[in-house]
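Novice: If you're matching them up, the sequences are chains A and B in order. Quick note: the first sequence uses this note's numbering, first residue 92, plus one each step. Quick note: the second sequence uses this note's numbering, first residue 4, plus one each step.
These are computed hints drawn from the structure, not numbers from a lab. Glycine included, every Cβ here is placed at the ideal spot set by N, Cα and C. Mixed in with the good hints there might be a few duds.
[What the hints assert, rightly or not] Residues from chain B shown here face chain A by an in silico Cβ test under 10 Å; the list is partial:
| id | residue |
| --- | --- |
| 1 | Leu11 |
| 2 | Thr12 |
| 3 | Leu17 |
| 4 | Leu18 |
| 5 | Val19 |
| 6 | Ala21 |
| 7 | Ile27 |
| 8 | Pro49 |
| 9 | Leu53 |
| 10 | Leu174 |
| 11 | Gln176 |
| 12 | Asp210 |
| 13 | Lys217 |
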Amino acid sequence: MSAKRSRKPASPARKPKARTAWYRGSKLLDVLVLGAWSMVLFRYWITGKIFLLLHPDYMWLANGAAIVLLGMASFKLFQKKTVNQAPASHSTLLPPSVSSFILLAVAVVALIYTPRAFASETAIQRGISDSLTLTRAQPQRFVRQMSSEERTIIDWIRTLNVYPEPDAYTGQGVKVSGFVIHPDDWPEGYLMLSRFVLTCCAADAYPVGLPVQLAVSRQAYAPDSWLEVEGKMVTATIDGQRQLTIEPTKLETIPEPRNPYEY
Amino acid sequence: MEKFSNGLTLFFSLLVEAIPFLLIGVAFSSLLLFFVDERTLIKFLPKTPLLGAVAGSLMGVFFPVCECGNVPVARRLIVQGAPTSVSIGFLLAAPTINPVVFWATWVAFRDQPEIVFLRVGFTLLIAVTIAWVFSHQPDMRPLLQPAVARQMPKLRASAPVNPLLRSGTFLLQTDGTTLKMDDPAVQSLIASVPAKSMAVKLQLAIDNMVQELKELGAVLVMGSAIAAFVQVAAPREWILALGQNFVTSILAMLLLAAVVSICSTVDSFFALSFAATFTTGAQLAFLVFGPMIDLKNIGLLLTLFKPRAIFYIFVLAAQLCFILTLFMNFYVS
Chain A
92 MSAKRSRKPA
102 SPARKPKART
112 AWYRGSKLLD
122 VLVLGAWSMV
132 LFRYWITGKI
142 FLLLHPDYMW
152 LANGAAIVLL
162 GMASFKLFQK
172 KTVNQAPASH
182 STLLPPSVSS
192 FILLAVAVVA
202 LIYTPRAFAS
212 ETAIQRGISD
222 SLTLTRAQPQ
232 RFVRQMSSEE
242 RTIIDWIRTL
252 NVYPEPDAYT
262 GQGVKVSGFV
272 IHPDDWPEGY
282 LMLSRFVLTC
292 CAADAYPVGL
302 PVQLAVSRQA
312 YAPDSWLEVE
322 GKMVTATIDG
332 QRQLTIEPTK
342 LETIPEPRNP
352 YEY
Chain B
4 MEKFSNGLTL
14 FFSLLVEAIP
24 FLLIGVAFSS
34 LLLFFVDERT
44 LIKFLPKTPL
54 LGAVAGSLMG
64 VFFPVCECGN
74 VPVARRLIVQ
84 GAPTSVSIGF
94 LLAAPTINPV
104 VFWATWVAFR
114 DQPEIVFLRV
124 GFTLLIAVTI
134 AWVFSHQPDM
144 RPLLQPAVAR
154 QMPKLRASAP
164 VNPLLRSGTF
174 LLQTDGTTLK
184 MDDPAVQSLI
194 ASVPAKSMAV
204 KLQLAIDNMV
214 QELKELGAVL
224 VMGSAIAAFV
234 QVAAPREWIL
244 ALGQNFVTSI
254 LAMLLLAAVV
264 SICSTVDSFF
274 ALSFAATFTT
284 GAQLAFLVFG
294 PMIDLKNIGL
304 LLTLFKPRAI
314 FYIFVLAAQL
324 CFILTLFMNF
334 YVS
């Protein structure tokens, strides 16, 4: 395994000049790696793209890391000579320069690539149909008296989770926003208005959704476009299943919100 | 293209979530390196394998590191000559048995406190058992990566060579054994003896932090890339379809724990999203097994152990986890 090559501590035999150059080079690389990652985290923070990646509860950690990394980068930049003690010939899986280049390359990709919110294709792939049972239990949510128009999609799903009979909600007012999914096995007159729910980061995002009954073909509303729907609840039988469905009185296209997830 | 974009988003999401914890981990590890003398600490640790295993497993209380952060600390312990049982116990238990993780699990499972306590209990039981098994191999060197093994102090001459036939310069130790001076480990011991000023120590600590951050960061990048790829490529329902039955739900969660590689500090929130579909035993399996072994930290463990040792730990942990949580499914819940 070539990775066994351990880093040579600057050998005393090496000429002082070459040693200084080597030292400067590796120091510069460290500064670049730390600085680039700090920039990546600052970019997510400032542009708000962090909302696409993390649950708000953990954002301070990433933001704090941005500051700490910046501090470490400046420490490295202004550090005079390192004290001559690399922690006794560090054992590495990868040679340090390879690690640095991997990290630097990924940071550059992160600086160029703008994360995108998950969309309908992912929702279908992650299985939206049975997601009602996947939602986490949060009974304290129901203590609050909430008018039905104030409920978000996830609030509706949680309510349904506790009392699943769709007829119980017939006639209740509803106002929710989400993105459009065209489930394959649904008739043309129905679309799914959906949101991803995050519990910690994008890795565990799972979709929840409510069917919307349309007067026209769903082709009028492209998949992944964002809608705000106002209307009232009815029960419809879609694809052989009785489901709580929105009968809209108002359907409005909205821009993708800054924070597309619900929690 | 959509998949690729999702994969990248997942990948960066995992990284952005893990980097702060990695920072905390390497910070603890580096401060430990320069401000805590493990050799003193190790002296205080119980020498008997079983007590050592318990002590090692509980050390996480003082080092709140997740599974990205505990490998460097464990490596430090091993290099400084901690007994096998202590280091393995620490390696397996520290990501779960520490205040930060306990608090996070408590927040997530407030309405099912038994999960919080069983998580700690099962982890302790498994870690102590595995550490105890490994302590029957007092010399860890054959299990370690050669680079790590070389750094370990050879405080006792391992080969039964007649002491009169050895050449070189030796130090006589209090217990009558000898220490060979040109051994690289001894050299580093000798070199690190002089006490340094606070400022120098702090500088060294930060330098070390940068070093470990780069090294473990690169591995984390690769692990996250694999985890993101598998998540995009393998449909989740496919994994979840197994989740109804007592046995397959546990197996599915063990697999999910190994694949998703989520940090132990936040994995309870992830597990919570399966609370409704999976058996309690399966959730526990996820919470206990995930922090011990997953795709991401296999990369980190490879910096320390040979693949064979990781395989042993993996198999033992998975089996114990499976048996305990299956018992839980059948007789408790």
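Novice: Please go over all the hints and tell whether each is borne out by the structure.
Specialist: Do the hints match the structure? See the list:
no., hint, verdict
1, Leu11, "holds, 6 Å"
2, Thr12, "holds, 4 Å"
3, Leu17, "holds, 5 Å"
4, Leu18, "holds, 8 Å"
5, Val19, "holds, 5 Å"
6, Ala21, "holds, 9 Å"
7, Ile27, "holds, 9 Å"
8, Pro49, "violated, 27 Å"
9, Leu53, "violated, 29 Å"
10, Leu174, "violated, 18 Å"
11, Gln176, "violated, 21 Å"
12, Asp210, "holds, 6 Å"
13, Lys217, "holds, 5 Å"
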